[in-house]
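Residue numbers (this note's numbering), protein chains in the order written: chain A, -9 to 247; chain B, 2 to 157.
Some clues are possibly wrong.
Calculated cross-link-like contacts (lysine to aspartate or glutamate; reagent style EDC-like; alpha-carbon spacing at most 16 Å) [stated by the list, open to error]:
{"#": "1", "chain 1": "A", "residue 1": "LYS209", "chain 2": "B", "residue 2": "ASP153"}
{"#": "2", "chain 1": "A", "residue 1": "LYS135", "chain 2": "A", "residue 2": "ASP39"}
{"#": "3", "chain 1": "A", "residue 1": "LYS209", "chain 2": "B", "residue 2": "GLU45"}
{"#": "4", "chain 1": "A", "residue 1": "LYS112", "chain 2": "A", "residue 2": "GLU200"}
{"#": "5", "chain 1": "A", "residue 1": "LYS112", "chain 2": "A", "residue 2": "GLU97"}
{"#": "6", "chain 1": "B", "residue 1": "LYS131", "chain 2": "B", "residue 2": "ASP119"}
Derived by calculation from the structure, the hints in this document are not laboratory data.
Predicted model only: the values in this text are computed from it and were never measured.
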Amino acid sequence: MSTPTLEKHSDALDAAESGASHLITVTLRIRRFNSEVSDEANWIDYQLDIDPKERVLDALHKVKWEIDGTLTFRRSCAHGICGSDAMRINGRNRLACKTLIKDINPEKPITVEPIKGLTVLKDLVVDMDPFFQAYRDVMPFLITKGNEPTRERLQSPEDRERFDDTTKCILCAACTSSCPVFWNDGQYFGPAAIVNAHRFIFDSRDEGGEQRLEILNDKDGVWRCRTTFNCTDACPRGIEVTKAIQEVKRALITRRF
Amino acid sequence: MSSTDSVELSASSAAFSPDNPAPVIEPPRARTKRTPRVTRTNFELYGWLFMRLSGIVLVVLVLGHLLIQLVLDGGVTKVGFAFVAGRWASPFWQGWDLIMLWLAMLHGGNGLRTVINDYAERANTRFWLKTLLFTATAFTILLGTLVIFTFDPNIR
C-alpha cells in the first residue's frame, strides 16, 4: 500500500532534481539606498541560481528571503494587477511580477532600480504621494447632476468601448515615472492622471467632463506632453497612453472652437 | 546561492545611523500643500494651437523665401541692396517678409519657452531665461517691423 506512494514520491523528487539542472546563475544588480546608513545609493550585486522561466519578482524574493533580508521593495498581489512593484529593470520601467528572467538577457547582470522622478525612501520603495496627488486632482470618480436613478445607469456597448482602453490602468506609475517632463517638473500631472481623467471624460454617464477638461487645460496639464511615447512603451497593461492624452487635447480644442 | 558582497560603508557616509539619518532628497517641485493653485486660462491651449498653425504657414513662407533667395534667378549672388530694395517696393513682398518675421520669431520664441519650462530646474533660472528670451524676441520683431515699414531705397 505504501510502496506506490513512495515510488510516486521519488518520481516527484527525481523530477525536481532533474529540474534543478534547468537553473541558471544570474546576477541581480540592485540599486540599494538606506538613508539611515548612507546618503548615497549603491549598486549591489547578488548571484543566485534561478529557473529562467521565473520572474524578476521571484529573484527579488530569493534575495530578500535567502540572502539579504534588508532588501526593501513593494509588492502585493504579485500577479500584475495591484501595480505595486513597478521598477526600472534593465533601464526600462516594468512590473517585476510580469517580467520573466529569460526575456531580459540573464547572461548579463540584471539591473533593478526604483522608478525615476519620485523620492526614493528605501531601496526600491519611492514616495508615491506626488503621483497620487495628481491622480486625486483630476477627480477620478463619477460626477452626476440631478437625482439618483432608481436603477443602474445604463450604457450602450459602443459608449463603453469609447473609454475601454483607459479603464485598464492599475496606477503602477510606470508611465508617469518614464515621462521626461515629469522627471524634470513634478508639477506636471503626468500620463497616469490624464489616463484616469480620460476614463471619465469620455464616459457617457459622467457629467463632470467639463470640470476635468478645465483642470487638464492647466499650465501643467496636457499641453506639457511632448508625445515622446515613453508612457505607451512603459505601460505594463498595454494602454495607448499617448493616444489618450492626444484625445484629451483634441477634446479641449473642439470644445473651444 | 551566495551574495557576492554586502553593503559596505564608505568613510563619508559611516556617520549616519537610525538616530542620524541621511537627508532625503526631494524631487524637483513636488506637489505640496504650499504649491500655489494656478489661474485657469487658455494660454497654453492657444500656444499649442499657434505652434501647429504657424508651423504649416512657415513651411510655405520659409521654403518659398529660400527658393527665391538662393535658387531662382542666379542664386545667392544676385542678393544685394538693390535686390532687397526692388522686392520691398512691392507691398506683397513686404507683407510676406513681415508675416514670416512675426510667425518665425513667435514660433521659435514659444518653442524656446517650452524648452526653458522643461529643462530649467529652479524658479529663478526660469524667470531670468524667460525674461531674456522675451526681450530678445520683442527687440527682433520690433526692429524688423520698423525696417520693413521705414525702408528707404534712396538711403546714403
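We went through each hint and held it up to the structure:
1. For the given pair, LYS209 (chain A) sits about 44 Å from ASP153 (chain B) by alpha-carbon distance, which is inconsistent with the 16 Å threshold.
2. The straight-line distance between the Cα atoms of LYS135 (chain A) and ASP39 (chain A) is roughly 59 Å, outside the 16 Å bound, and the hint therefore fails.
3. The straight-line distance between the Cα atoms of LYS209 (chain A) and GLU45 (chain B) is roughly 6 Å, inside the 16 Å bound, and the hint therefore holds.
4. Proposed proximity of LYS112 (chain A) and GLU200 (chain A) is contradicted: the alpha carbons are some 40 Å apart, above 16 Å.
5. Distance check on the hinted pair: LYS112 (chain A) and GLU97 (chain A) sit about 28 Å apart at the alpha-carbon level, beyond 16 Å; violated.
6. Straight-line distance between C-alpha atoms of LYS131 (chain B) and ASP119 (chain B) comes to about 12 Å, which keeps the hinted pair within the 16 Å bound.
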